[in-house]
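Protein chains: 2
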Amino acid sequence: MVEIRKPIPVTEAIRQVMEHVTHLGTEIVPLENAYGRILAAPIIAKHDVPPFDRSPYDGFAIRAIDSAGASGENRMPFHVIGEIGAGLLGDKPIGEKEAYRIMTGAQIPKNADAVVMFEQTVENENGFTLRKPFDAGENISVQGEDCKEGELLIEAGTLIHPGTIALLATFGYAFVEVAITPVVGILSTGTELLNVDDELVPGKIRNSNGPMIRAQLDRMDISYKSYGMAADELDMCTFVVEKALAETDMLITTGGVSVGDYDYLPAIYERLGAKILFNKVAMRPGSVTTVAELNGKLLFGLSGNPSACFTGFELFTRPAILGMMGGTNPYMPRMKAILGEDFKKPNPFTRFVRASWEFTPTGVIAVPAGFNKSSAVSSIARGNCIIVLPSGTRGFSTGDEVDILLLGSELGVSEWTL
Amino acid sequence: MVEIRKPIPVTEAIRQVMEHVTHLGTEIVPLENAYGRILAAPIIAKHDVPPFDRSPYDGFAIRAIDSAGASGENRMPFHVIGEIGAGLLGDKPIGEKEAYRIMTGAQIPKNADAVVMFEQTVENENGFTLRKPFDAGENISVQGEDCKEGELLIEAGTLIHPGTIALLATFGYAFVEVAITPVVGILSTGTELLNVDDELVPGKIRNSNGPMIRAQLDRMDISYKSYGMAADELDMCTFVVEKALAETDMLITTGGVSVGDYDYLPAIYERLGAKILFNKVAMRPGSVTTVAELNGKLLFGLSGNPSACFTGFELFTRPAILGMMGGTNPYMPRMKAILGEDFKKPNPFTRFVRASWEFTPTGVIAVPAGFNKSSAVSSIARGNCIIVLPSGTRGFSTGDEVDILLLGSELGVSEWTL
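As they're listed, the protein sequences go chains E and C.
Under the UniProt record's numbering, the first residue of the first sequence is numbered 1, with each subsequent residue one higher.
Under the UniProt record's numbering, the first residue of the second sequence is numbered 1, with each subsequent residue one higher.
The set of hints was computed from the structure by calculation and includes no laboratory data.
Only a predicted model underlies this, so the values are computations on that prediction, with no experimental measurement involved.
Where hints are given, some of them may not hold.
If we take Cβ atoms under 7 Å as the criterion, some of the chain C residues that face chain E in the derived model are [to be verified]:
(1) Gly105
(2) Gln107
(3) Leu152
(4) Leu153
(5) Gly157
(6) Pro162
(7) Ala166
(8) Ala169
(9) Leu200
(10) Val201
(11) Ala215
(12) Ser258
Quick reminder that beta carbons are idealized off the backbone N, C-alpha and C, glycines included.
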């Protein structure tokens with residue numbers, strides 16, 4: 001008798017996974033290792049930026065009042081009393097009709113309140129003349145105009161990208177408090193699996209899911225322990241799963257979650273006393289995706305079919321890993337696209353179709369990336385997005401508007417809205 | 001007298017940079033290190049996928065002809081002669097009314113030409129009965145349906161992402177030929193610069209461009225040599241630039257490219273005999289961005305202003321690095337968005353505004369990421385895209401359609417279309 005499983009909607013499955021993530025705490029890393037980590041504390045401005053009034057141009061710092069009445073017919077002369085390069089300081093306040101030659105980024109000298117660009121002057125032996133009046137504050141980058149001391153700039157839970165690094169450096173964060181990253185275990189199950197360097201033999205295929213998941217984790221800069229491949233043998237698989245769970249923070253298995261005679265993951269979960277969150281999701285591919293939880297650790301039982309495995313990781317495992325780090329934007333960005341070719345399969349379940357999106361003069365077009373079955377592997381290698389076709393719909397035609405999820409996007413979004 | 005520079009359009013600047021990239025050749029890396037590299041040879045299918053006819057379901061393999069005439073009133077009985085798990089083989093051909101119990105992924109046994117899912121059968125002591133006829137080929141994953149031996153699947157020049165890894169593994173590529181990655185030198189110039197762990201002192205700021213560029217390279221998995229910071233001193237800067245160029249494949253400097261008294265990069269290029277491709281681009285921020293070439297190596301003279309520096313890297317340096325590896329998709333993906341707030345500055349030059357895009361029920365909305373000047377640093381830390389406002393336009397208003405470029409996207413596009 002085949003077990004009948006009740007499928008739950010994708011949204012509900014994601015909600016359940018995210019409800020079960022546990023945080024691993026925080027650690028301090030040097031700034032140069034902080035790229036790609038998740039901020040564990042907000043970035044607060046430690047001082048004003050800029051920290052002093054400064055010149056945005058190469059030119060002359062003057063008192064605006066001295067330029068009053070200047071015109072083409074009445075050029076105002078200024079006497080240059082010194083020069084201030086960026087990083088240097090003027091050593092005396094300027095007086096009437098005096099000016100400092102000043103470079104971009106240099107601190108405005110005492111009494112000056114405007115900067116005249118070189119191009120706006122005619123230079124002479126002692127200084128220069130001007131042909132227009134300047135307002136007080138003109139061409140000054142005012143202290144604190146970018147941010148003010150004490151201002152909350154970036155929330156905890158944000159991914160540290162290159163711009164974040166610039167901000168951290170500005171405030172002198174030589175060390176940064178970040179979320180500890182989980183170590184993920186990977187185990188590929190299936191008697192049919194060969195190693196990548198094995199010759200093909202009848203009835204067998206090479207293990208592509210293991211290397212693919214390692215790359216999906218590489219993409220997130222998450223470290224892993226690989227437990228290789230296990231044949232469909234209950235005791236041995238149980239042993240490896242138990243060992244892997246003890247040594248890692250989360251376990252991903254591939255294969256063994258369907259209703260076949262050698263699909264042992266359900267039995268292993270039972271033996272170990274893991275709580276099954278769900279074992280059927282109303283999606284294609286990957287309806288057999290199973291997620292369980294034991295002692296606060298998540299066990300992702302992804303399908304052995306490559307397309308299903310890929311999709312299961314991106315939909316469930318990736319957000320869970322980001323969630324374990326307190327990441328506030330764990331989901332793939334979504335947008336709309338026009339379907340570039342017919343997709344005539346009906347969709348009893350929500351369907352995820354590997355595809356390519358492209359900007360064209362008529363809008364964003366998404367085209368399925370070829371052969372589409374849960375066992376497909378070539379289409380995973382093509383394309384840059386996933387088309388999402390809602391359950392309960394019939395085929396879609398060229399020109400229909402569809403939702404797409406962007407793959408390989410460093411910054412995600414905070415909510416799953418499909 | 002201030003030097004007058006002639007600005008060239010952004011598109012022309014990108015074209016010139018890309019014309020001057022040189023390839024560094026190829027190398028062989030193990031599959032587990034291939035993620036993020038650029039394929040130096042196309043992926044050709046080494047065999048059919050699947051490599052044999054196989055079962056897409058858990059069920060029974062039968063001869064379709066034996067199911068002819070089956071109905072609810074006339075259930076057809078089958079005798080099960082054995083079982084085939086994935087990775088195993090049936091040891092005998094099936095005969096009339098015979099079937100193999102077969103698991104997902106297993107090779108179809110001799111003489112069988114259809115698979116019946118468990119759910120479609122009623123099992124009994126010797127086998128099962130069926131209530132509908134099956135067609136020859138029904139529920140069979142046919143050898144080669146995903147790809148055929150000899151088929152060109154992925155072109156050289158493609159970034160290796162997790163899906164590519166799955167395909168490489170499938171065909172037994174334990175080693176992969178990839179483009180050699182350049183080593184990039186980074187030198188921050190400016191007497192105003194402090195190290196990240198220095199206390200602020202009057203007139204000085206911490207170096208944020210150096211760490212930011214290191215992170216921009218980290219994001220691309222490109223290694224670098226950091227030459228630290230140099231004060232605005234001509235001989236010393238020349239010495240470091242020359243040394244860096246000898247030790248790396250490309251040099252990025254920040255600062256020193258404007259027309260100030262201590263902007264020494266132009267003089268250094270001249271001393272070294274480098275050919276200047278351009279020293280003024282019709283863009284904001286970053287109009288002073290200068291690119292030179294010496295002995296086949298590119299020198300990127302990025303602005304010392306953080307926003308300008310960031311933008312210059314993403315617009316020019318990143319595509320050049322990808323181009324050096326033969327990457328065929330070096331540019332940021334573009335799309336359209338609705339401006340979410342007014343942006344009233346006029347745009348004498350093409351303007352690049354750091355922003356956040358978000359999908360909303362009314363479409364994609366892009367909102368500038370706050371304080372907008374070339375010297376801004378806080379806005380670089382926010383947002384996930386760059387709004388591009390064409391030169392010659394006046395201010396833009398909420399609701400206007402604008403172009404955006406996506407930041408942090410693993411896969412780019414082949415053409416610069418703005």
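Now for the hints, and whether the structure bears them out:
1. Gly105: Result: holds, 5 Å to nearest chain E Cβ.
2. Gln107: Holds - the Cβ of Gln107 of chain C comes within 7 Å of chain E, reaching about 4 Å at its closest.
3. Leu152: violated, 11 Å
4. Leu153: At about 6 Å, which falls below the 7 Å cut-off, the nearest Cβ of chain E leaves the hint on Leu153 of chain C intact, so it holds.
5. Gly157: At about 14 Å, which exceeds the 7 Å cut-off, the nearest Cβ of chain E leaves the hint on Gly157 of chain C violated.
6. Pro162: holds, 4 Å
7. Ala166: holds, 4 Å
8. Ala169: holds, 4 Å
9. Leu200: Nearest chain E Cβ about 6 Å off; hint holds.
10. Val201: violated, 9 Å
11. Ala215: holds, 4 Å
12. Ser258: holds, 6 Å
Against the hints set out earlier in the document, violations occur for numbers 3, 5, 10.
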